[in-house]
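With the hints as constraints, model all of the structure from the sequences given.
Going by my numbering, the first residue of the first sequence is number 123, and it counts up by one from there.
Hints may be right or wrong, so weigh each one.
[To be verified] Derived DSSO-like pairs (lysine-lysine); straight-line CA-CA distance at most 30 angstroms:
| # | residue 1 | residue 2 |
| --- | --- | --- |
| 1 | K364 | K143 |
| 2 | K215 | K363 |
| 3 | K469 | K364 |
| 4 | K694 | K708 |
| 5 | K276 | K248 |
| 6 | K336 | K143 |
| 7 | K635 | K687 |
| 8 | K761 | K720 |
| 9 | K248 | K348 |
| 10 | K336 | K350 |
| 11 | K741 | K363 |
| 12 | K521 | K602 |
[Unchecked claim] Here are the in silico distance ranges between beta carbons for each label pair:
| # | residue 1 | residue 2 | range |
| --- | --- | --- | --- |
| 13 | L155 | D762 | 41 to 49 angstroms |
| 14 | V383 | K469 | 31 to 39 angstroms |
| 15 | K730 | T487 | 28 to 36 angstroms |
| 16 | K469 | M358 | 32 to 40 angstroms |
| 17 | E496 | K364 | 20 to 28 angstroms |
| 18 | E381 | R406 | 30 to 38 angstroms |
| 19 | S767 | E574 | 22 to 30 angstroms |
| 20 | V718 | P472 | 56 to 64 angstroms |
| 21 | G438 | R406 | 28 to 36 angstroms |
| 22 | F592 | D762 | 28 to 36 angstroms |
Treat the hints as calculated values from the structure; they're not laboratory data. Built from N, CA and C at the ideal position, the CB exists for glycine as well.
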Amino acid sequence: MSVVKITLPDGSSREYPLGVKGIEIAQSISEGLARNALSIEVNGEIWDLSRPIHSDSSIKIFTWNDKGGKYAFWHSSAHLFAEALEALYPGVKFGIGPPIDNGFYYDVDLADIPFGDEELIAVEKKMLELAKTNSQFVRRDVSKSEALEYFTKKGDPYKLELIDGLADGSITFYQQGNFVDLCRGPHISSTGPIKAIKLLSVAGAYWRGNEQNKMLKRIYGITFPKQKELEEYLHMLEEAKKRDHRKLGKELELFAFSEKVGMGLPLWLPKGTILRERLEQFMRRAQIRAGYEPVVTPHIGSKQLYITSGHYEKYGKDSFQPIKTPDESEEFLLKPMNCPHHCEIYKVKPRSYKDLPIRYAEFGTVYRYEQSGELHGLTRVRGFTQDDAHIFCRPDQVKEEFIKVIDLVLFVFRSLGFENYTAQVSLRDPENKAKYIGQDELWERAEREIQEAADERGLKTVAVKGEAAFYGPKLDFMVKDALGRSWQLGTIQVDYQLPQRFELEYIGSDNQKHTPVMIHRAPFGSLERFVAVLIEHCAGNFPLWLAPEQIAVLPISERFNDYGKKVLDILKERDIRGFLDERNEKIGRKIRDAEVNKVPFMLLVGEKEALENTVAVRKHGEGDKGVMDLNDFMATFSKDFALPS
RNA sequence: GCUGUUGUAGCUCAGGGGUAGAGCACUUCCUUGGUAAGGAAGAGGUCGAGGGUUCAAUUCCCUUCAACAGCUCCA
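This is the structure we're talking about:
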């Protein structure tokens, strides 16, 4: 056979000579595509454009607009970085240098060479210089012995360790210029297209992520085909920093931390508390409509409770330690989760199959001793409030209940304008079953039912092994923060284990005892994290119903403070949150301050308004909306003041 | 928890071996102004904490705490 059949993404296929290269296919399609092509997907694998294709294949040619294209570009940039670094610092040892979502990094052992901003700039310069030589990335298959010999000679222990773990026959080298790296690829054709380079930061990272190993320097960078794109990216980073919830939380006086109170223990300021309570009201109402019953449980529970649940064994040592009492036989733990308490509520009386499902909801504040280096604003704290609920149901009700919870989560996301979320099915790590409790068949059943429920609601899911909780698989909803970091928000978890451990039961229609299934769920995840992500999502410009201060009443001069007070009183009668700016300042100044504080509406009152009983409406970010009767104003926006439903 | 960086007024930051400075915010006075910063005066700090070196430390050294970045972790 001297031809291969190549199937294109549109389903059409063409024949090419055996050993055709991606770049040749691109040229045959169009000159423009060939010019922009960076890599090619061949039967689901991403290849170099210069690698010959020897069998019938489905292909897709990637450009800068595809993730696969960017990855090849950034992977090649990592090699270019290594080449430049080696040119400037001969003898440095290299770990790994992969592409990431935004750019690339390379782990290097610089021994004791100091490496700061100046060095980063010097390496950037060298990279640009080398990129201009437009050297080809050349792929070469090497035998394991040849690979070992090369890096032994070069004296790079990290690469030797990597090669050690690879099978002979699967090892490839890539070379550009004088630099040779162990690499699976793929790469772009040559260094020329790398036109704009920025090395962003240096951080420590353990070799192979193991803290027993030596710490290497991880150098992050990003590159672009055009200088303008780099500038736009850097601008975007600046903008993202302005949305950081830690910054806005301080500026808008939403929350604070105190060294004296303790790290990771947020203090909610008055404005932040309003925001948080509005979210609670919103969720309470949605839950009551969905058939949940609110419950309240204490902040501590006896150690025995957590021995029963299995949490003590799993987390006891690495958590807040037991609280003692004068009675030495007593020990209590700060509650790290609400489920055991809710199980005990279930147990207060015998249950019939007709009672199920039972749904207990609680805004439960829990405490977890997170590692100090993990704490991060409101997204990772040591004391937080979950919008928690536990659904106790029969096995035949699991899927239906799960779907109802998905609907609730999606309602919440929709109401708050979150469109960019991903759903992750978190499964057990089949290689490490000891990490989990419970029988295999229950796990398999739960994993299957989660996937089915998600599919039924048309969720796009990614299954990730090893991400399950120790008692059951989860469906996690993830969103990204302003700086592109991914956070888990809502979570839904099926649990066959806790009901057994707590010996929960119900009497079935067969008059026999059965064990119910438990579903843990928290659409917000925690109020803390949700508020953090919400702040970044809307850059502090909260929807009207959530805004801590909805309206600023701004008298033109002190002469109209009395009328302003009257307007404010009317607003307050309608439960609208507002304040009167009585300061001896000009109107321009009052407007500026209200704008900076992101107050959604400003009502200006002066001589004309006081005489006519009206207000001059100004909307945040939009400007003057004209003079209106106060009642008309409130009627026009009444829907926006109310909880969404 | 590990590695690195940082810590000066309420906030944002400058400074630097001889006991501190700016802008904004704050207070008072003048001004009563119509859609993003009116003017003047004033008050405000154990320079994160503890120890050391020194005639002298906020500045140099050590320890510690916290924040930040990354790694590891996340019921």
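Evaluated hints:
1. At roughly 46 angstroms between alpha-carbon atoms, K364 and K143 are farther apart than 30 angstroms, so this suggested pair is violated.
2. For the hint pairing K215 with K363, the CA-to-CA distance comes to about 34 angstroms; that exceeds 30 angstroms, so the pair is violated.
3. Restraint check: the Cα-Cα separation between K469 and K364 comes to about 49 angstroms, which exceeds 30 angstroms; the hinted pair is violated.
4. Proximity of K694 to K708 is assessed by CA-CA distance (about 25 angstroms); at most 30 angstroms being required, the pair is judged to hold.
5. The hinted pair formed by K276 and K248 meets the criterion: a straight-line CA distance of about 22 angstroms does not exceed 30 angstroms.
6. A threshold of 30 angstroms between alpha carbons decides the hint, and for K336 with K143 the separation of about 41 angstroms lies outside it, so the pair is violated.
7. With a CA separation close to 65 angstroms, the supplied pair K635 and K687 exceeds the 30 angstroms bound.
8. This hinted pair checks out: K761 and K720 have alpha carbons roughly 20 angstroms apart, not beyond 30 angstroms.
9. The suggested pairing of K248 with K348 holds, with an alpha-carbon distance near 18 angstroms, which does not exceed 30 angstroms.
10. Of the pairs offered as hints, the one joining K336 and K350 is violated, with about 38 angstroms between alpha carbons and a cut-off of 30 angstroms exceeded.
11. For a cut-off of 30 angstroms, the pair hint linking K741 to K363 stands: about 25 angstroms separates their Cα positions.
12. Note on K521 and K602: the hinted pairing holds, with a Cα-Cα distance of about 28 angstroms set against a maximum of 30 angstroms.
13. At roughly 48 angstroms, the beta carbons of L155 and D762 sit within the given window of 41 to 49 angstroms.
14. In this structure, V383 and K469 meet the distance hint of 31 to 39 angstroms, their C-beta atoms being roughly 36 angstroms apart.
15. In this structure, K730 and T487 break the distance hint of 28 to 36 angstroms, their C-beta atoms being roughly 50 angstroms apart.
16. Under the hint 32 to 40 angstroms, the C-beta atoms of K469 and M358, about 53 angstroms apart, miss the expected range.
17. Evaluation of the 20 to 28 angstroms hint for E496 and K364 yields a pass: the beta carbon distance comes to about 24 angstroms.
18. At roughly 34 angstroms, the beta-carbon separation of E381 and R406 lies within the given 30 to 38 angstroms, and the hint holds.
19. Distance hint check for S767 and E574: the Cβ-Cβ separation is about 29 angstroms, which falls inside the suggested range of 22 to 30 angstroms.
20. At roughly 60 angstroms, the beta carbons of V718 and P472 sit within the given window of 56 to 64 angstroms.
21. Look at G438 against R406: about 33 angstroms separates their beta carbons, and that is inside 28 to 36 angstroms.
22. A C-beta distance of roughly 44 angstroms is found between F592 and D762, which places it outside the suggested range of 28 to 36 angstroms.
Hint compliance for this structure: hints 1, 2, 3, 6, 7, 10, 15, 16, 22 are broken, all remaining hints hold.
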